[in-house]
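For the record, the sequence lines run as chains C and Z.
Sequential numbering of the first sequence, starting at 1, is according to the UniProt record's numbering.
Sequential numbering of the second sequence, starting at 1, is according to the UniProt record's numbering.
One should not assume that every hint holds.
Calculated lysine-lysine pairs in the DSS-like style (CA-CA distance at most 25 Å, straight line) [to be verified]: (1) Z:Lys203 / C:Lys279; (2) C:Lys140 / C:Lys158; (3) Z:Lys29 / C:Lys279; (4) C:Lys259 / C:Lys279; (5) C:Lys158 / C:Lys141; (6) Z:Lys13 / Z:Lys29.
In case anyone wonders, no lab produced these hints; they're calculated from the structure.
All figures in this text were calculated on a predicted structure; none of them were measured in a lab.
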Amino acid sequence: MALLEIRDLHLGMRSFEGEAHVLNGIHLTVERGEIWGIVGETGCGKSLTGLSISRLVSTPPGRYITGSISLEGRNLLTASEPEMQSLRGRRIGMIFQDPTTNLNPAFRVGEQIVDVALHAGGLDPSILGVGAKASRSERKKAARNLAIDMLAKVGIPKAGERIDDYPHQFSGGMRQRVLIAMALIGRPDLLIADEPTTALDVSVQAQILRLLYDLVQEHQLGVLLITHNLGVVAQICTHVAVMYAGNIIESGSVREVFKNPNHPYTTGLLASVPTAKMKRGELQGLPGSVPNLLAPPPGCRFAPRCAAVQPRCTAAIPPSVAVAAHHEVACVLAEPHASAAA
Amino acid sequence: MILRIENVTKDFKVSHGPLARATHFTALKDVSLSVGKGESFGLVGESGSGKTTLTRLILQLDRVSSGRILFDGTDLASLSARDLRHLRSRIQIVFQDPYASLNPRMTVHDIISEPMEIHQDTLGLNARQRTDRVVELLELVGLGGQHLFRFPHEFSGGQRQRIGIARALAVRPEFLILDEPTSALDVSVQAQVLNLLHELQAKLGLTYFFISHDLGVIRYVCDRVALIYRGEIVEQGETERIFEAPESDYARLLLSAMPEPDPDRSPFRPPAASAG
Chain C
1 MALLEIRDLH LGMRSFEGEA HVLNGIHLTV ERGEIWGIVG ETGCGKSLTG LSISRLVSTP
61 PGRYITGSIS LEGRNLLTAS EPEMQSLRGR RIGMIFQDPT TNLNPAFRVG EQIVDVALHA
121 GGLDPSILGV GAKASRSERK KAARNLAIDM LAKVGIPKAG ERIDDYPHQF SGGMRQRVLI
181 AMALIGRPDL LIADEPTTAL DVSVQAQILR LLYDLVQEHQ LGVLLITHNL GVVAQICTHV
241 AVMYAGNIIE SGSVREVFKN PNHPYTTGLL ASVPTAKMKR GELQGLPGSV PNLLAPPPGC
301 RFAPRCAAVQ PRCTAAIPPS VAVAAHHEVA CVLAEPHASA AA
Chain Z
1 MILRIENVTK DFKVSHGPLA RATHFTALKD VSLSVGKGES FGLVGESGSG KTTLTRLILQ
61 LDRVSSGRIL FDGTDLASLS ARDLRHLRSR IQIVFQDPYA SLNPRMTVHD IISEPMEIHQ
121 DTLGLNARQR TDRVVELLEL VGLGGQHLFR FPHEFSGGQR QRIGIARALA VRPEFLILDE
181 PTSALDVSVQ AQVLNLLHEL QAKLGLTYFF ISHDLGVIRY VCDRVALIYR GEIVEQGETE
241 RIFEAPESDY ARLLLSAMPE PDPDRSPFRP PAASAG
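Full structure from sequences and hints, please.
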């Protein structure tokens, strides 16, 4: 059974001007040990996909129209709130983009991590390594030791001393490590990392990516890495899903998608990244901008910006076709697998 | 050379609490660099390395502790307040965050014409001429005059950054400081803005002082580049030379940390293992 399976997920978002269809039929399967990159422009729904998995989208204004999200067979969309709370911080870990706003400035980082550890330990005593009958102070002590271990593991020097520091005493990279430690302390099976390195310097980014990669190797986590940095995806991800205006328009193994992009949007996105051989002025951006989701264009939502647009593009949203093993594309031009192999 | 920075050091007084003795923090240490007219000069460094301090010194928002900054041959520190204001019309800046750097209560027209009002004595434009100039600038950055009386929230990130560029160009500067102008934008939009900057440079003969931590962007845009680390310049030279044959350890470190969008060049994937 797949670790995470999202089937035909549709999410509407109510606003003053009407309901925007922000997720428009997401299909995604994540297995243990896989790192999935979710890429796309601002507003394409990548963060909402991540938030939907831990059910952090408030409803209303959000409304799940159809679809299911299952974590090892259990449908998260119909789970009760207490049930979700038992998953968050334990089975599902989340890292958010901005390390400065996701730590409470009024509490020492230790307290904040210990909170998560106690919550996870309450659900699974083996995490703290103390017996089920242990007293509150014993559990607290175990949680604190675990927090120090975790901070050391994510590369914070002198973790035993730093645990009693406040968030402002840490640099951006160190704060992000604290958040990673917090997300991992409950030994999650699925880690959702929403732009974990966007606010960081490249050298720190490289360290954080290394850390994530090693943790996946060690614990066989499934990871959803939400980012707009294609370089990061190429380096660390095993698979990638390219999103555009609420749809996954191309997905598959990183190598397949990056080496052999089939969808004009993926091609355009990859061509937007400056490379070593490019002369000034040669860079090709994607013309236009993302559509208004309150009144999306008919059919393929990329059609108005697409260079290869055809009359049939506006008829319906093109279905996903497998153009190769582990490579699906939702475009009318995509050739199915059999002929692609010939 | 339009800008010469000679042995600039900048110290800040830091005091930890009212009773503690003030200590000094050296934000910039003996920094020297020069930017030629019409070239694109890149400044690369991590957060806290002194990039922003250096731009604040160039704009004379802070005073140097020692050393000199010469713009077109004049020492900035020697200028009177009046001359300095005049000089500022020649040096303009585009900020990093197009969401925070435009006043949400001002129309695009007011945002772009404000610097022209401030530099009224240099430019000598009346209200009508300023409006004409705003329309001209909007067209120059690819937006068009129909946006004149809209507010910033009606625009996307890329469009806002175009407004920021139009505002910087309003007073006909020669020297443009670009402080991470594309780091808040999507790659597709970043490409559009980079190409716009390239066109503008050719059209208007601008000199760019381009600050970024994105080495891919720096390589694409800049003729020469300086790497700054903890307030010191560790390496500077022709962009291609630094990228092809870095001399300092720091340059090598930065280059190795730069994620390339090529799955085959990932440090996590040994080529043999990924061949399948």
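Cross-check of the supplied hints:
| no. | hint | result |
| --- | --- | --- |
| 1 | Z:Lys203 / C:Lys279 | holds (18 Å) |
| 2 | C:Lys140 / C:Lys158 | holds (20 Å) |
| 3 | Z:Lys29 / C:Lys279 | violated (34 Å) |
| 4 | C:Lys259 / C:Lys279 | holds (22 Å) |
| 5 | C:Lys158 / C:Lys141 | holds (18 Å) |
| 6 | Z:Lys13 / Z:Lys29 | holds (15 Å) |
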